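Following the hints, position chain U against chain W.
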Amino acid sequence: MNIVVRPHGLTWVAGHDHDHDRIATTLSGFWLFMMSDLIIFGLMFATYVTMLTPESFAGGPTPKELFELPGAAMETAALLTSTFTFGMASLAIKYDRGLSKVMLWLLVTLALGVVFLALEAREFTYMLAEGAVPQRSGFLSAFFGLVPLHGTHVTAGVIWLVIMLIELNRTGLTGPASSRIARLALFWHFLDLIWVGIFSVVYLGGIA
Amino acid sequence: MSAPKTRSREQAYRHDLRGYQTGFFLAALLTIIPFALVASGTFSTIATMWVIGVLGLVQIVVHVRYFLHVDLSRQRREELYLMLFSAALVTLMIAGMLWMLFNQHTRMM
Numbered sequence: 023m024n025i026v027v028r029p030h031g032l033t034w035v036a037g038h039d040h041d042h043d044r045i046a047t048t049l050s051g052f053w054l055f056m057m058s059d060l061i062i063f064g065l066m067f068a069t070y071v072t073m074l075t076p077e078s079f080a081g082g083p084t085p086k087e088l089f090e091l092p093g094a095a096m097e098t099a100a101l102l103t104s105t106f107t108f109g110m111a112s113l114a115i116k117y118d119r120g121l122s123k124v125m126l127w128l129l130v131t132l133a134l135g136v137v138f139l140a141l142e143a144r145e146f147t148y149m150l151a152e153g154a155v156p157q158r159s160g161f162l163s164a165f166f167g168l169v170p171l172h173g174t175h176v177t178a179g180v181i182w183l184v185i186m187l188i189e190l191n192r193t194g195l196t197g198p199a200s201s202r203i204a205r206l207a208l209f210w211h212f213l214d215l216i217w218v219g220i221f222s223v224v225y226l227g228g229i230a
Numbered sequence: 400m401s402a403p404k405t406r407s408r409e410q411a412y413r414h415d416l417r418g419y420q421t422g423f424f425l426a427a428l429l430t431i432i433p434f435a436l437v438a439s440g441t442f443s444t445i446a447t448m449w450v451i452g453v454l455g456l457v458q459i460v461v462h463v464r465y466f467l468h469v470d471l472s473r474q475r476r477e478e479l480y481l482m483l484f485s486a487a488l489v490t491l492m493i494a495g496m497l498w499m500l501f502n503q504h505t506r507m508m
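Chains as they are written, first to last, in the numbering used here: chain W, 23 to 230; chain U, 400 to 508.
The shape of chain W in the complex, shown without the other chains (with noise of 0.2 Å):
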């Protein structure tokens, strides 16, 4: 341990423009941005539960006619463990474990991610097929409001990723290049959390 402790987080260094401070700086940065994510999606939450009653269903599909256990399960597991192989990537950086050991646990990141937007995108088609549109009631707006924002962030995540491997592919493994990758494991492990508040409300609330 070093005498001198450098402020981490939020604080802002004056005269220290080292690049460990800057990395720290921008991490810090991008805490503010996803807390404020964070609002938006506890008020999107917040709407979808004051249209679970009877009257927002308007005669229409209800949580427990339209969800499936099964799909809202293979959507977490491929989440889920898309946030431990991403945590994988990061210890490979951060132990330089080599710049095919990164890709290669990113490259997995990003499949992960695609199948659960796959999935997802599934169970959208399946829904509107059956006539759950968000025009049907203010349940499914709602509905519609929370689980394709989250779907939407994480499709910015999945072409974030996939900037990062040709980034790191034509560069290595730069200073600049980790600094993204960490703020991207920051996102990717944030969305992972909001989905655990989307799996329990929506789909294990609806279906209990």
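Don't read these hints as lab results, they were simulated from the structure. The model shown is predicted, which means the values in this text are computed figures rather than measured ones. Idealized CB from N, CA, C, for every residue including glycine. Misleading hints may appear alongside valid ones.
[Stated by the list, open to error] Restricting the straight-line Cα-Cα distance to at most 16 Å, the calculated cross-link-like pairs of lysine to aspartate or glutamate (EDC-like) are:
#, chain 1, residue 1, chain 2, residue 2
1, W, K86, W, E145
2, W, K116, U, D415
3, W, K116, U, E409
4, W, K86, W, E152
[Said to hold, decoys possible] Cβ-Cβ distance ranges computed for the label pairs, FRET-style:
#, chain 1, residue 1, chain 2, residue 2, range
5, U, S407, W, T84, 37 to 43 Å
6, W, A133, U, Q474, 30 to 36 Å
7, W, E189, U, I445, 39 to 45 Å
8, W, D118, U, Q474, 19 to 25 Å
9, W, L91, U, G418, 29 to 35 Å
10, W, A151, U, R476, 46 to 52 Å
11, W, R44, U, M499, 52 to 58 Å
Just chain U now, kept in the frame of chain W:
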């Protein structure tokens, strides 16, 4: 390259790896239990809802601790405060909104 230094780095790696493994194991467990409860329908709806809610909150803490690496250490204090503040805001907004709207709902009926 001294031998003790490499060993301590290897130990640090294994320590971090174990962190992710523990997190993954706990998260999987906390996911499987509520899914199994809902699938089997052992308990009443209300009891199942309580279990889902409590295990969901515990799982969020597990994710924050093992994947986002925010704990009670001094180094992560600012992220922790930021997160607790955001959680407080979200709780106020959700609880306030639900309270108000369900109250309105009862009055309108």
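Verification of the hints:
1. K86/W to E145/W: The hint holds at about 15 Å.
2. K116/W to D415/U: 10 Å, holds
3. K116/W to E409/U: 12 Å, holds
4. K86/W to E152/W: 14 Å, holds
5. S407/U to T84/W: 37 to 43 Å: Given about 58 Å between the Cβ atoms, the range is violated.
6. A133/W to Q474/U: 30 to 36 Å: Cβ of A133/W to Cβ of Q474/U: about 33 Å, so the range 30 to 36 Å holds.
7. E189/W to I445/U: 39 to 45 Å: 51 Å, violated
8. D118/W to Q474/U: 19 to 25 Å: 22 Å, holds
9. L91/W to G418/U: 29 to 35 Å: 30 Å, holds
10. A151/W to R476/U: 46 to 52 Å: 50 Å, holds
11. R44/W to M499/U: 52 to 58 Å: 44 Å, violated
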